[in-house]
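Kindly generate the complete structure, drawing on both the sequences and the hints.
As a plain string of letters, each chain reads:
Protein chains: 2
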Amino acid sequence: MPNAAAALYAAEVLPQPYLLFLGDITEPGYAKTAFGLRDWAAERCVGEFACEGASVSTGLPFMDPAQARQAGARAMVIGVANPGGRIPSSWLPRLLEALQAGLDLVGGMHARLSGIESLRAVAAAHGRRLIDVREPPPVLPIATGRKRSGRRLLTVGTDCALGKKYTALALARAFQARGIDARFRASGQTGILIAGEGIPMDAVVADFAAGAAELLSPDADPAHWDLIEGQGSLAHPAYAGVSLALLHGSQPDVIVVCHEHGRERVLGHPHYALPSLEETIELALRVGARTNPAIRCAGISLNTGKLEEAEAQQAIGETAARLGLPVADPIRGGQAFERLVDACLA
Amino acid sequence: MPNAAAALYAAEVLPQPYLLFLGDITEPGYAKTAFGLRDWAAERCVGEFACEGASVSTGLPFMDPAQARQAGARAMVIGVANPGGRIPSSWLPRLLEALQAGLDLVGGMHARLSGIESLRAVAAAHGRRLIDVREPPPVLPIATGRKRSGRRLLTVGTDCALGKKYTALALARAFQARGIDARFRASGQTGILIAGEGIPMDAVVADFAAGAAELLSPDADPAHWDLIEGQGSLAHPAYAGVSLALLHGSQPDVIVVCHEHGRERVLGHPHYALPSLEETIELALRVGARTNPAIRCAGISLNTGKLEEAEAQQAIGETAARLGLPVADPIRGGQAFERLVDACLA
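Line by line, the protein sequences are chains R and X.
The opening residue of the first sequence carries number 1 in the numbering used here; numbering runs sequentially from there.
The opening residue of the second sequence carries number 1 in the numbering used here; numbering runs sequentially from there.
In short, the hints are calculated from the structure, not lab data.
Everything numeric in this text was worked out from a predicted model, so none of it was measured.
Here a beta-carbon is modelled for each residue, glycine too, at the ideal position from N, C-alpha and C.
Hints may be right or wrong, so weigh each one.
Derived CB-CB ranges, DEER-like [what the hints assert, rightly or not]:
hint, chain 1, residue 1, chain 2, residue 2, range
1, X, Q67, R, V13, 56 to 64 Å
2, X, E282, R, P218, 32 to 40 Å
3, R, A273, X, E282, 20 to 28 Å
4, X, P293, R, F62, 50 to 58 Å
5, R, E338, X, E282, 35 to 43 Å
6, R, S90, X, R263, 56 to 64 Å
7, X, H224, R, R296, 44 to 52 Å
8, X, P293, R, G127, 53 to 61 Å
9, X, A294, R, F62, 55 to 63 Å
Below, computed lysine to any residue pairings styled on SDA-like, alpha-carbon distance capped at 20 Å [stated by the list, open to error]:
hint, chain 1, residue 1, chain 2, residue 2
10, R, K306, R, G333
11, X, K306, X, Y30
12, X, K147, R, R265
13, R, K32, R, G85
14, X, K147, R, H271
15, R, K147, R, R286
16, X, K32, X, G59
17, X, K32, X, F62
18, X, K147, X, D219
19, X, K147, X, R296
20, X, K32, X, A54
21, R, K147, X, G268
22, X, K147, X, H224
23, X, K147, R, A273
24, R, K32, R, S57
25, R, K147, X, R265
26, X, K306, X, G29
27, X, K32, X, G196
28, R, K306, R, A336
29, R, K147, X, P270
30, R, K147, X, Y272
31, R, K147, X, L267
32, R, K32, R, A111
33, X, K147, R, G268
34, R, K306, R, G317
35, R, K147, X, H269
36, R, K147, X, H271
37, R, K32, R, G84
38, R, K32, R, I331
39, X, K32, X, N82
40, R, K306, R, E260
Spelled out as structure tokens, the structure:
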């Protein structure tokens, strides 16, 4: 495996506030990025914009790029992802309009904004930037394994797409509400758009993945907490390597294990059963102890979004009783969530 | 994490036989690639070539590129790696001489041959190719986790650089000597040069690493064995993610755990103790069972290169007694190695 000169990661903060672009979609499931920004960075979103025919809305005021610029926006964010991650030509007039109005363009899709000639030309002519957040830093170090100062929490999942980002964001808010110096650390494209910075772990060359995770939560004040967005799952047949590199490089003091109530099969891999919470905790603590022997599991973040309130409370209570750990749905909040926060800080 | 269309990996075989280029080095430790080719692909190496002042030799006949071309060579391989992985300008006249003599150039260093303007120009003028084996296939699939036909063995290490490649190569030879349809599958640059094909796992984007490993050992005849070169270690603070992705994607039926007798600290990470063989076996079987529940450990490949024969035999015997598994040094061979092969095939 190669050596690489250690490099500083210039944590360039994205231009904000944002105008959210919803393309021409009619399926809310494709707008996860826009909804994530509305939910977690509403104070940095001035409004939304879309092509004619779009039917999905974040509920933010509709405005064109010129109006958004007047309202203080500095960038328009592609807030939707088509299947395939491509940028359809029908969006181009709207994207060009944003550049001409003085907004930078920010995208997190697989397709690179900078790969489209007409965008490049207009951006250059207007002194605007095309920013692809799924582009990792050009130079990354090989991980050292050196223990860093400050405190770290990583959200660990039983699967993809069940609440690791929302949990880290909710915990960061809760820590801050208690007066703690805490910061969300984004490891995926939507998280990066919310935080305004971060490293897209899934786009890093494998040999540098743990090194990228080390860069993501650098040395800090001993009382500072980094709340790190997890990726994938140690039991995922495609992404476990990313999850392990992120766990090793994050060297968390605390993990919170995230699960969706009732999910039994790996998303998109129905021939794989989901690991139990018990197995997930045990394996994460075992391999995580390699870079931080003091690692511990504070509790469970249980996504109960598909349940009614009474069912959700029952699922939370049963899981807590079974594991003997605090269990909460951060979206529901309440006393259960405060107890989970207590356990993280204990 | 992204989806990607499944892609076929066009396993382009490298132009062979080779002329081995030794640069201007005087330190044998930098010539691992040349020595690996001499040891494992001698029948495809017509000779060696070097700059004036070089003092390292593989023992193959010295010849210039024109003589090598006459002797049947089709490519000159950069068989050495300087610290930093760069191509010094003092090598360029020799590299150009090879292109002019009708040889392609093949490199496995971090620096890309195709990144050097004068090489590009001369290669184009002479219809020759510049081949960088550390360049992964341009399109890789996301792993599916689907069980493939045929049988697989993966070498798993307690650390880097202690014999995983040599062990897989030795086992492939031993399998073939017993009349078994067996093939070495290379996952690193030297292995790729030896095999003439393969995928450089350390250069793959993290999200696609398990998918690359799936591509590396495709569906095969039920009696066929792929002997897959391992990478890194599940306990390595920098590379464990690569190791886990390779383990998951390889879905081995059998692992052979590779260790260097007496190594107690992780190479280059002296604050990390090496895991025990017992821990290494147990963790690899546990996580490997995720994609192949029938995974088993056939035994240990013990690198005793620093020991005298009597000491080596004692170390092998003691390790075998302690673990209750076959233990052998493939380089020493003998009955112990045949017993290890028996156990792999049991």
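Index of numbered hints that the structure contradicts, given in increasing order: When the structure is compared with the hints, none of them turns out to be violated.
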